[in-house]
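Chains as they are written, first to last, in my numbering: chain A, 1 to 279; chain B, 1001 to 1798.
There could be a bad hint or two in this list.
To be verified - Here chain B is said to cover these stretches of chain A; the calculated rule only asks that three of the stretch's residues, wherever they fall, bring their Cβ under 8 Å from a Cβ of chain B:
#1 1 to 11
#2 185 to 199
#3 252 to 266
Claimed, not checked - Now the stretches of chain B that chain A is said to cover, found in silico as 3 or more residues with beta-carbon under 8 Å:
#4 1282 to 1295
#5 1707 to 1717
Since the hints were made in silico from the structure, they are not lab data.
Please read these numbers as outputs of a predicted model, since none were measured by experiment.
Here a beta-carbon is modelled for each residue, glycine too, at the ideal position from N, C-alpha and C.
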Amino acid sequence: MKPAPFAYKKARSLDEAIALLGENPEARLLAGGQSLMATLNMRLSAPSLLIDINGIGGLGGIAHKSGAVEIGALARHTDAERSATIAQHAPLIARAMPFIGHPAIRNRGTLGGSIAFADPAAELPACLLALDGEVDAQGPKGKRTIKTGDYFKGLYETALGPQEILTAIRLPAADSNTRIGFAELARRHGDYAIVGLAASARADGKGLKNVRLAYFGVGNTPLRATGAEAALARGDVDGAVAALDLEPHDDIQATGAVKKHLAGVLLRRVAAQLMEQRP
Amino acid sequence: MKITADSPPVLSILDRPNSYIGRAVPRPNLQRLTQGRGQYISDVTLPRMAHVAYLRSPHAHARIVSISTEAAKNAPGVVAVVTGAELAKVMTPWVGVLTHLKGIKSAPQSPIAVERACWQGEAVCAVVARTRAQAEDACELIDIVYEELPAVTNPETALDAGTPVIHASLGDNLCFERKLDVGEVDKAFANSDAVVEATFVTGRHTGVCTEPRAVVADWNEGEQRMTVYHATQAPHMMQNLFAKHLDLSESQVRVLTKDVGGSFGIKVHTYADEMATVALSKLLKRPVKFVADRIESFVTDIHARDHRIKGKIGVSKDGIITAFEIDDLTGIGPYSVYPRTSGIEANQVVNLTGGPYNCPNYRAQARVVFQNKNVMCQYRAVGHPIAVAVTEGLVELAAAKIGMDPLEIRRRNLFPDDGYPAQTASGLKLEQLSHHEALAHLDTMIDYAGLRAEQKKLRDKGIYRGIGFASFIEVTNPSAAFYGVGGAKITSQDGATVKLDAQGAITIHSGVTEQGQGAEAVLAQCVASSFGVSMDRVRVVTGDTDNTPYGGGTWASRAAGIGGEAAWQAGKALRGNVLAVAGAMLQAKPEDLDIRNGIVVDKTTGAERLGLDELARVAYFRPDTLPPGFQAELMATRHYVPRAWPFAFTNGIQASYLEVDTDTGFVKLLRHWCVEDCGTIINPQLVNEQIRGGVVQGIGAALFEQCLYDERGQMLNGNMADYLVPMAVEMPDIDCGHVVSPTADSELGAKGAGEAGTAGAPACIMNAINDALRPLGAQPLTDMPFTPGKILAALGKI
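Put together the whole structure using the sequences plus the hints.
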């Protein structure tokens, strides 16, 4: 369990990190390292260079501005977990936080790292998708913003270019009409879920509108369940479960059939959460 | 006699001034370990020490066509690259058989595979380098050409004519077979009012130690001596084996076992990579360190419990068990593990099934077959969890079938407490057990009637909770009957040497070992009590074949019962010697004196006569002042081995209360109880820790842990993310209760407590799940571990 030899460079600025990425196509960025270090130690990956971005200033903030919550890429999970801003304006993130690994992992792991790594079984990518958030990236051609709908491309594959660095995520701030739901099923607390569901909606009189259901652990990316969203907006929970068109693969913890069944169970539980919050 | 956690025992021969027997005293090594000053193998660094990494077979079964090592030999830091053929010149192979397991066979196993790899993970080449990282780097440069061979991975077809034979020299894939037929089984079944059959599966799993297996071997060419720093449970056994296979005498081998980070039976076997490391040190004439990493641990640490058991029970309508029958099939690895063999587990299943019950009719068959998977051998509570799952599973299924309460059916069949000595149908001799008292204690402890009422009330609300039980017996304090009679150099006796130092403090050297379970605390308690000093005046030394009495080490719940008794007796012997000196100095009769709190006192009045420091000063520095012809003997050794009984059986009963989420198939453990009888309790806190830790490992087997293999013999979940060890958040509170039936075989009367928790917990969880789901008409779940998928399937939801 020793990593293959690699070079290490601590970047002092985004520009330096971007330049290093350009010069070293086999390099990887090191943020919290909670996924990367394990793959290095198991020799599942052997980058020539690790570019440590932890020393880059200005990427760790959490702020509420212009109707949005902006979370810097280097904000640690624990920062978000303890943030009053997150609790008030991004309650779905606050709800998901205790499910992410264990305290030791949350102390090091970063929100930006989780979104950039885009593990399809992880909580935060699904939350980003459920909230219709945005990703800020910076590369050799400058800065750009990527909508979540365009961001998740495939298994561990995102719209980020090879020399682009995720700098922040931005989520619409919650207001009194925001409804959120979150549930996951993991054999042991802190494990990747067998299946999980992050959801958001807007209260619409006695009903819901703009329902967004983002499943994790059931495909190559976090997945919207659009048929179920429409049914839930009609208040039809049974119809929503019937409309689930997920086709999860078998994995080591559960068969696809089990995952699919559990996705339906979670949908009922999350639907209840969304509806319970009605004023 | 019951005791609660911290109450002192009733007055007995064990009660003396400074009596620590029955007291929850802290471990003497606690401060050292919690301050990070333990000495594990990873902490051992020697001059010129090199590190070895093993290149391991990616195939379950393959012929090694060629190995190209040139590039690796030239890699940075590499000291040597050694193949199996090269190492075979230094170390002889071994065969894991015992003569008392009739007909058991296995093939010679080499420290590094020669010509053929027989499981995914078997070492096929060694790289020794200045650092472990360099050794791993160089491993990637070795080019091995394999010719893949068909892998035998299904125990059910291992003996079929069409299945390839793993070792042609053996003729077939059968390692061991045992049959037993006692009483009149067919007649008993025919006369039963109900017969229940079920097939039980216990998933292959392993004991995950916090500290992985580790060894530093140091061959001293000048001294012609091998020193092995080894995380092992049995230093003297390993001394014998290292010597034997390096063609050395035992006096040329010293095994040092310092702190060990958990063992659970995992570290009591001969591992090819550890043997290879020792051989490499001899070959290279320098110290070599091997510390298994977590990934290689999963494919090399022994696995256990991979059994499929067809079981059958007959009962009368009034709940009397008429007969048990089992057919056990277990798929081990490609070799029977040396020297304890991979036949013992199945043998124990045959011995232990039906063990708590007074039922004379029993038929059993067990077959142990070779597989191209990692080796299987003895893990904590060897065979017990399997036998208890089958027995207790059948008993509760039978109770359900005749509509009887699960505790009531046990009351009607457990061996009566006043009926000992007794013998089980399989022939196990039982000295004194307390099944009924334990059951009654449990009944009260869990408020059984209240629990049932709560269960019923909640069922009406759609909440499905279950209550499950498991009665069990546990093998402890093994005599030579376990291994010695089978020809293995595994001693069942143990020794303790106790000495008085020049300031009047005590040092004890013991042959048992500390694995983190608190054996050193128990040894100190025994010596302090029998000699008569406070515990802070006792220093414990274990794990050094040069300096401790010859002993068996720590396994089969023997450290306290056997090592503790030797320590107790050695302390008594030294007290006698010291009082002889005191008598000479004080011109008193030694029998009129005693030692209390480190001071020689008048036995009747308790008046202080002489401090041990003064006694030691005179004995060591002014012996000229002692009477002519008197020689002080300030060191005493005593050995102990159980003789009256082959094993000191213990007994107990566990209960589980849990809730099944019938939508998700998830199980929430609410509470767990264990009432057990390990005889005299030396340290109630340590006993309870053993019970709780054991229960948690049993819960792992029932709900979480399984080494998953595909049909090509690839382990699919060999890492800590995918192999689920039980974690604290999911564990329930575990309450312990005790009944005390001391063994008369020793003065202490202590039996073992290390495995009771693991023995009963899986069955208990299984029964509780089935109790929860019975009103829903679910098929009984008997295939461990009980994953959400299996529970959903039983409920017909997927």
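Hints, verified against the model:
{"no.": "1", "hint": "1 to 11", "verdict": "holds (count 5)"}
{"no.": "2", "hint": "185 to 199", "verdict": "holds (count 8)"}
{"no.": "3", "hint": "252 to 266", "verdict": "holds (count 9)"}
{"no.": "4", "hint": "1282 to 1295", "verdict": "holds (count 3)"}
{"no.": "5", "hint": "1707 to 1717", "verdict": "holds (count 3)"}
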